[in-house]
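Colleague: Please model the entire structure based on the sequences and the hints provided.
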Amino acid sequence: VRNTIDALNPNVDEIVEAATQGANKQSAVESPRWQRPLNIVVSVFVMINILSMGISIDNSPNHAAWLVLEGLCAVVFVFEVAIKLHFEGWRLLFQGEAWRWNVA
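Each residue of the sequence shown is one higher than the one before, counting from 1 in my numbering.
Simulated from the structure, these hints should not be mistaken for lab results. Among these hints, one or two may not hold up.
[Stated by the list, open to error] As a list, the in silico SDA-like pairs of lysine to any residue whose alpha-carbon atoms are at most 25 Å apart: (1) 84 - 69; (2) 84 - 95; (3) 84 - 97; (4) 84 - 33; (5) 84 - 39; (6) 84 - 42; (7) 84 - 50; (8) 84 - 20; (9) 84 - 71; (10) 84 - 59.
Modeller: Below, the structure written as structure tokens:
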């Protein structure tokens, strides 16, 4: 009975192998040199923006500093789109392989 149960329950390696069968083993795509630093800067500003929104709800929500910080984050986000449009063009950005990430 134990052998029958083991035969019906594949291990994790077998499941992963079956799920990725035929997939390209090298999934990492070479990205341009400018993309990683840009993603790091934008990610930091996303975290700053999230924290500032959360903190500003409870601490002086009408203070001018929150508006300035929100404006700075917005400028960085617009700068990100401008850089991507410049280097990738609108077709690759909005119709390329990863277009869903840029539209959402």
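Colleague: Give a verdict on every hint.
Modeller: Hint-by-hint comparison with the structure:
1. 84 - 69: holds (23 Å)
2. 84 - 95: holds (13 Å)
3. 84 - 97: Distance of about 14 Å is within 25 Å: holds.
4. 84 - 33: At roughly 12 Å apart (the allowed maximum being 25 Å), residue 33 and residue 84 satisfy the hint.
5. 84 - 39: With Cα atoms ~11 Å apart, residue 84 and residue 39 stay inside 25 Å; holds.
6. 84 - 42: holds (12 Å)
7. 84 - 50: This hinted pair holds, its Cα atoms lying about 23 Å apart.
8. 84 - 20: violated (32 Å)
9. 84 - 71: holds (20 Å)
10. 84 - 59: Distance of about 35 Å is beyond 25 Å: violated.
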